[in-house]
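Asks: Chains D and Z, in that order, give the protein sequences. If you want the working numbering, it's the position in the first sequence, counting the first as 1, plus 48. If you want the working numbering, it's the position in the second sequence, counting the first as 1, plus 34.
Among the hints, a few may not be true.
[What the hints assert, rightly or not] Pairwise CB distance ranges, derived in the manner of DEER restraints:
(1) D:Thr-88 <-> Z:Glu-598: 49 to 59 Å
(2) Z:Phe-160 <-> D:Ala-205: 43 to 53 Å
(3) Z:Phe-160 <-> D:Pro-162: 33 to 43 Å
(4) Z:Ala-158 <-> D:Glu-67: 47 to 57 Å
(5) D:Lys-106 <-> Z:Gln-54: 17 to 27 Å
Bear in mind the hints are in silico, worked out from the structure with no lab data behind them. Where is the CB? At the ideal position from N, CA and C, for every residue including glycine.
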Amino acid sequence: MVLKTIRTATDRWTQKKGEFAHLFEPYEGDEVVALDCEMTSLDPEKAELVSIAAVKIKGTQVLTSDKLDIKLQKPESLTGDSIKIHRIRGVDLLGGEVLGDALAQLLDFIGNRPIMGYYISYDIAVLNRFIRPRFGFSLPNKTIELSQCYLEKVQRANPELLPDLKFETLSEKLGVPMVGQRHSAIGDAVTTALMYVRLLKGPVPV
Amino acid sequence: MSHEFDLSHPPFDLLTQAQQQQLLSRLDIGYFGQDELIMEAGHASDYVFVVLKGAVAELDPTTDERHNDDSVIREYAQDDLFGAITVINGTSRYTFRTLEETIAWLIPSALFRTLMEENEAFDAYFRNTLTQKARLLESRRSQQTSGGDMSAFVMAQVRDSVLREAVILDSGTTVFEATRTMREQDADCLLVRKGSQFGMVTRTDLLEGVVLHDHGLEGDICDLASYNLLTVQADDFLFNALVLMTRYKIQRVVVFDGPKLAGLVELTDVLSFFSSQSHVIGLQIERASSLEDLARAAKETSRLIKGLMAQGVKIRFAMDLLAALNGRIIAKAFEQLVPEEVRQQCCLLVMGSEGRGEQVLKTDQDNALILADDLKWPECERTMQKFTQTLLDFGYPLCKGKIMVSNPEWVMTESQWKKKVAEWCSSTDGTKQMKLAIFVDAHAISGNAKLFTQVRDTLYQSLAGNDVFYSYFAMPLRQFSTPLTFFGGLKKSEGIDIKKGGIFPIVHGVRALALQNRIKETNTFVRLEKLAEQKIMKKKFADDLAEALAVMSTLRLDQQLKAEAGEVPKEDADLVNAVELNSLDRDLLREALHLVKEFKSRMSHRFHLER
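When you get a sec, could you build the whole thing from the sequences and use the hints?
Replies: Following this line, the structure appears as C-alpha cells:
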C-alpha cells in the first residue's frame with residue numbers, strides 16, 4: 049500500500065505533462081469501473097492476457113451500454129515455432145486487438161475512476177506488467193475489492209462470521225444471477241458489477 | 035444458469051438484426067431494493083424495463099393502501115416487460131414499485147420510441163389487443179413444434195387450399211348428357227341448377243337412379259339430384275369444412291363466395307391436405323359394427339387431440355373436432371343399444387361441457403333422456419344402465435353428480451320434463467338452479483330431437499318476463515374470486531385455479547345471457563358470436579372474451595395433459611402456476627383474467643348481483 053503510494057507519486061511526477069496526466073487527478077464523480085481479465089495462468093508473473101472487459105457503474109445502475117470488451121491477439125507467443133506447432137498464423141487472429149492498443153483503450157475507458165473487481169489486485173498486477181513497459185507508469189486508480197466489501201458487510205452485522213468468499217457463493221448469497229457466460233470476461237465483469245451495486249444498496253446477505 | 039437479454043421472444047424477435055444489435059448495445063442494468071419506487075404515477079419514465087430477476091407491482095395510487103390487493107393492477111416477474119405504455123403515453127398512469135429486490139434491463143425511452151417508429155410490427159405489438167397477441171403466440175408455438183407450417187395450414191382458408199371448380203349443368207340436361215360431361219371433365223360429381231337452387235349429383239346417384247330406380251337416360255338430371263346441400267364460405271377455414279364433413283358423414287361440401295357459387299371441396303382433397311388421422315377416426319366410427327370397434331375408435335380421440343395441440347392447432351378447432359367425434363361415438367353407441375322404433379320416441383341429450391362442445395379431454399358423462407309420453411319400453415332402465423357402462427368402457431368417466439341416464443332422475447317423459455323444468459325455473463334453490471344450468475347447455479344427439487325442442491320451449495316460456503330469476507341464476511358468478519395478482523409470495527406461489535377463477539365465470543355469464551336472449555346455440559364461442567350479432571354485447575368485447583376463454587382453456591389443457599402424464603398431482607389439474615409460464619403466456623393470462631374481472635362486474639351490474 050505504501051509502496052503503491054510512493055510509486056504513484058513518482059509516476060504522477062513523470063507523467064505530469066504526458067498524455068495520461070488526467071489519470072492522476074483525484075476522482076470527483078460517482079462512477080466506478082468493474083474490471084475483469086481472462087488470463088492464461090494463475091501466476092501474475094507469467095500470465096498473459098486473453099481478454100479484457102470493463103463496465104461502468106453509476107449509482108445503482110450497471111451501464112452495460114458503456115462497456116469495453118476486448119479480445120486480444122498474443123503476438124509475443126506467436127513465434128515461428130508455435131506457428132508450426134499450432135498451425136495458427138497471424139491472419140488467423142485478425143480481429144483480435146494488439147495489446148498496446150487494447151491497453152490504451154482501457155486506460156482511456158477507466159480514466160481516474162476507481163476500479164472494482166473480484167480479486168482485483170491480481171488483474172491489476174498482470175495489467176501493470178504490460179502497462180508499465182509501454183506507458184511508463186502503473187495504474188494509479190483507487191481499487192475496490194468485492195470480496196472485501198462483502199466480508200465487511202457481513203461482519204458488520206456479525207463480527208464472528210467468516211463467510212465463504214467463492215465467486216459462485218457470493219452470487220448466490222446476494223441473489224444476483226450470472227449475466228452472460230461465466231468465465232467470459234464481460235460476463236464476469238457485469239456480474240461483479242451487479243453484486244457490488246447489490247452490496248451497497250441491499251440488505252445484509254444471509 | 036446464465037442470463038442474457040432474450041431476443042428470441044416477442045416483441046424483440048420482431049426487430050431486425052440491426053435493430054436487435056442496436057438494442058443490445060444500448061441496454062443498461064438497474065438494481066432496485068425491496069419496496070423501491072421505480073416509476074411514479076404522473077411522471078415520465080427514462081426507461082422501458084424488462085425484469086431480469088425479482089418482482090414488481092403496478093399500483094393504482096388512487097387507492098392509497100399499498101398492501102390492499104385491490105390497488106394492485108398487475109405484477110411483473112422474470113422476463114416481463116413494463117413501462118412501454120408509459121413511454122408511449124408520455125407519463126405513467128400507475129405507480130411501479132418492487133415487491134422484492136429486483137434487477138432489470140433498462141431500455142432507454144428514446145431508443146424504444148425510435149424502434150417503434152422504425153418497426154411497424156414492433157409498434158403494433160404494444161398497441162395490440164389480446165386477440166392479436168394470442169395469434170402471435172400460436173404461430174410461435176407451432177413453429178417450435180412442427181417447423182412452422184402447421185399453423186399456416188390450420189389457418190388455411192377454403193379459398194386458397196383445395197377448392198375445386200364445380201361442373202354445373204342446367205336443368206333439362208339429360209342423364210346421358212350429364213354422364214358424358216362427368217366423364218369428359220373427369221369429375222366425381224356435378225352440380226345442377228334448378229331455378230335459383232343448386233343440387234348435387236354424384237356417380238352413385240346416377241348409378242342408383244338408372245339401375246335401381248329405373249330412371250331413363252333421356253330423363254332430366256335434376257330429378258336425381260339432392261338439394262339439401264351443406265355449404266361453407268370461401269373465406270371459412272378449411273378445418274371447418276373438415277369438421278362439417280365429420281359431423282354429417284359426407285364427402286363433399288359446396289363452397290360459396292358470398293351469395294355466389296365458388297366450387298366444391300372434396301373430402302379426399304381435404305384429407306390429403308391435412309393428412310391427419312381425424313377423419314380416419316371418423317371413418318372408424320362410421321364403420322364400427324360392434325361396440326368393440328367403437329371402443330377402439332373412442333380411445334384414439336385423446337391421442338388425436340394431443341397431437342393436434344402439439345402441432346399448434348387452435349384450441350377451438352380441436353374442441354369442435356372432438357365434439358363432432360364424441361357426438362358420433364355417443365350417438366352410435368346409443369344406436370347399438372336402443373332399437374330403432376324406440377329411438378323414434380325418445381331423445382338422448384348431452385349436457386355440460388359435452389353439450390357445449392368444449393371438452394378437449396374426455397370429461398364426465400353428462401347426459402339425459404326424454405321419453406315420449408306414450409312410449410312403452412320396459413327395458414328402459416336396464417338399457418340405460420348398460421349405456422352408461424358402455425360409455426365408461428369407452429373412457430368417458432362417470433359423472434360424480436350422477437347426472438347420467440343410469441340415474442332415473444334424468445330419464446323422464448316429456449310431460450315430466452316440462453314439469454321439472456318449470457319447477458327449476460321458479461325455484462331459487464341452488465341445486466335446482468345448477469340442474470337448470472346443466473340443462474341449458476343440453477343438445478339432442480340421437481333420437482327424436484323434436485321432444486327436446488318442445489321441452490326447451492317450455493323453458494323459455496317459464497322464464498319469459500321473469501327477470502328476478504336471472505339475478506339468482508347468475509349468482510354463482512360471484513362465488514369464486516378472480517385473482518389478478520399471481521405472485522403474492524412469488525417464490526411459494528401455488529398457482530391459480532383457472533377453471534373456477536377464469537373459465538367458469540365466462541361460461542356461466544355467457545350462458546345466462548344466452549338463456550335470457552333465447553339463443554339456442556350451446557357452445558360458448560358461438561353464443562358469444564350470437565350475442566354480438568344481436569348487439570347485446572359489443573363485438574370487440576365478445577371477441578376478446580372468446581380469446582380469453584381460448585387462452586385459459588389452452589393453459590388448462592396443458593396442465594391437464596401434465597396431470598394425465600403424472601407430472602403433476604391429479605388434484606392440481608386445474609391449477610396454473612403463473613411463475614412457470616413463459617412471459618408471453620403469462621402476459622396473455624394476465625390480460626385474460628382482467629377481461630374476466632371486467633365481464634364479472636358488468637354481469638353483476640346487469641343482473642343486479644350486488645345485494
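Asks: Hint by hint, say whether it matches the structure.
Replies: Now for the hints, and whether the structure bears them out:
1. D:Thr-88 <-> Z:Glu-598: 49 to 59 Å: holds, 54 Å
2. Z:Phe-160 <-> D:Ala-205: 43 to 53 Å: holds, 44 Å
3. Z:Phe-160 <-> D:Pro-162: 33 to 43 Å: holds, 40 Å
4. Z:Ala-158 <-> D:Glu-67: 47 to 57 Å: Given range 47 to 57 Å: holds, Cβ gap about 51 Å.
5. D:Lys-106 <-> Z:Gln-54: 17 to 27 Å: holds, 25 Å
Violation of the numbered hints given earlier is absent; every hint is satisfied by the structure.
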